[in-house]
Amino acid sequence: MMPAETQVTDPAEAEWVELAHLEDVRVGEVAPPHRVTTIGADRLQAAIRSALGDIEIPLGIADICPDPLVFALAAGLPRLTNFAQSIDGGSTWCDRAPIGEEPFYAVSEVAQIAQRTTSDGRRLVRVNYQTRFTNTSGALVGTATGSSIHIGSIE
Amino acid sequence: MTTAVSVSHTPRDFEEFTVEPSTEHLLRWAAATEDFSPIHFDAQVAKARGFDHPVVHGPWKAAVLRRLLGTWLGSNVTVHTLTARYLRPDPVGRQLRFGGSLVSATPLPDGATELRCALWVRDESGRVSVDGDCIAMSAPEAGEGLPLDRLRAAVKLGEDAGSFTYRVDVNDVAAFAKAIGASPGADAPATFFAALDPVERRDLDLDGFLHQLPFPMTGGGNAFNEVVYERPIRVGDVITVTTRYTEVYEKKGSRGTLLFRVRVNEMRDSTGTLVATSRCGHVLSYRVDAAEGQK
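Residue numbers (my numbering), protein chains in the order written: chain A, -6 to 148; chain B, 52 to 346.
Keep in mind that a hint or two might mislead.
Unchecked claim - Only some residues are given here: those of chain B computed to face chain A with a beta carbon under 8 Å: (1) T69; (2) P72; (3) T74; (4) H76; (5) A82; (6) A83; (7) H104; (8) P110; (9) V115; (10) G125; (11) T132; (12) L133; (13) R145; (14) R252.
Derived by calculation from the structure, the hints in this document are not laboratory data.
Being a predicted model, the structure only gives us computed values, none of them experimental.
Cβ atoms here follow ideal geometry from the backbone N, Cα and C, with glycine treated the same way.
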């Protein structure tokens, strides 16, 4: 079996082609908004502290949404299923305002679907899920984006 | 109480940090993130999914990098954007090296410094399994009082701070009229100018750092609003609003030190003809003395 990583680090500079939909995943599909709080941030900090020791940093969107891909899927967005392998391809967190004690509203959406062929002829699909976090006044606090990478079999 | 640690912002490589992620570390992470995918702790499931061993969560590695940024850049730095690309799976229980470099440090007009960093995680063989980048902001050292000079530079006092164009839609005017109990019509209500304020609409945000000052904030809100109309704002108008801050000053008040920012919005239609000019004052109050007492 091919190790998963050889597909993702494929140095071929093939063009990504954007798709409007694939299987039942559609660009622009939005999950129902839901309320999130900073309560889980303590557990997260404790989890990292167990490996790293005490390093204090200001609370950020990454503490509210540590895994943007898992977060968006848990919100109800679909994930591609008809591939040999599916992995987490990366995350981006953008903080736009300081995080306070008040709750946030999170809305996740399928932001992009793109595909290309790897140098060994496999289909490679990337689905970006973006979640926007707004405060109770409606102001944007930050965004978190997770990339789901799907690798097909050699055709 | 956390003590701010200042670190030099000369471009350089960061000191590497080594961690050996164990199943226990990752189970704690799984519990905190509610990601119990068994590929991270069950060898059989991992094998069935194409991995030789259980693999470390990608976001766990990103979270470690994010915390290390606090050590590498100093605690007075705020991370604005962090991107991590998970290039290779890392087996649980193997040593990982975390590192990176400060690529550039660019002073901004408001006194802050924008820091750009390259980040990586390498496995025991030196292969990069995560590469990333980050944009962070280093605030200038806090002084004894409110940073009026920094604020004046940030809002470009006396200069045009930004221009934004808005289409006056029939639904917006109707919703606005309903909200204030007015009858909808072709002319927008007299107070509609506030709905075209780029600052209130969060299209222009030059003084966001005021929410991160080391002084307790005791309140805030609009101090005053004035408007002079040349003609009513009408449904169908395309209005370009140009904002200019005209005053930044502080006053002592019962809730502490009051910080005022006054701005003027010039509203012009698509022909460039002046429609209205508004002047708004916004105030924030701080307990500057209380922060002094904490030192």
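Given hint B:V115 near chain A, where the shortest CB pair must fall under 8 Å: Constraint on B:V115 satisfied, holds at 6 Å.
Would you settle whether the hint for B:L133 is holds or violated, based on the nearest Cβ-Cβ distance to chain A being less than 8 Å? 5 Å, holds
Residue hint B:A82, partner chain A, criterion CB-CB below 8 Å: Status holds, d = 7 Å.
Per-residue hint verdict: B:A83, partner chain A, C-beta under 8 Å: Interface hint status for B:A83: holds (4 Å vs cutoff 8 Å).
Does B:T69 pass the interface check with chain A, least Cβ-Cβ distance below 8 Å? At about 11 Å, which exceeds the 8 Å cut-off, the nearest Cβ of chain A leaves the hint on B:T69 violated.
Against chain A, is B:H76 within 8 Å by beta-carbon distance? Where the cut-off is 8 Å and the nearest Cβ of chain A is about 4 Å from B:H76, the hint holds.
Was the hint right that B:G125 lines chain A, CB cutoff 8 Å? With a minimum Cβ separation of about 10 Å from chain A (threshold 8 Å), the hint on B:G125 is violated.
Could you check if B:R252 really has its C-beta closer than 8 Å to a C-beta on chain A? Violated. Min distance 10 Å.
Once the shortest beta carbon distance from B:P72 to chain A is found, is it less than 8 Å? At about 6 Å, which falls below the 8 Å cut-off, the nearest Cβ of chain A leaves the hint on B:P72 intact, so it holds.
Taking 8 Å as the limit, does the beta-carbon of B:H104 come near enough to a beta-carbon in chain A? Result: violated, 11 Å to nearest chain A Cβ.
Hint validation: B:T74 versus chain A, beta carbon distance must be below 8 Å. Holds or violated? 12 Å, violated
A closest beta-carbon separation below 8 Å is what the hint needs, so does B:T132 meet it against chain A? 5 Å, holds
Comparing the model with each numbered hint stated earlier shows that hints 1, 3, 7, 10, 13 and 14 do not hold.
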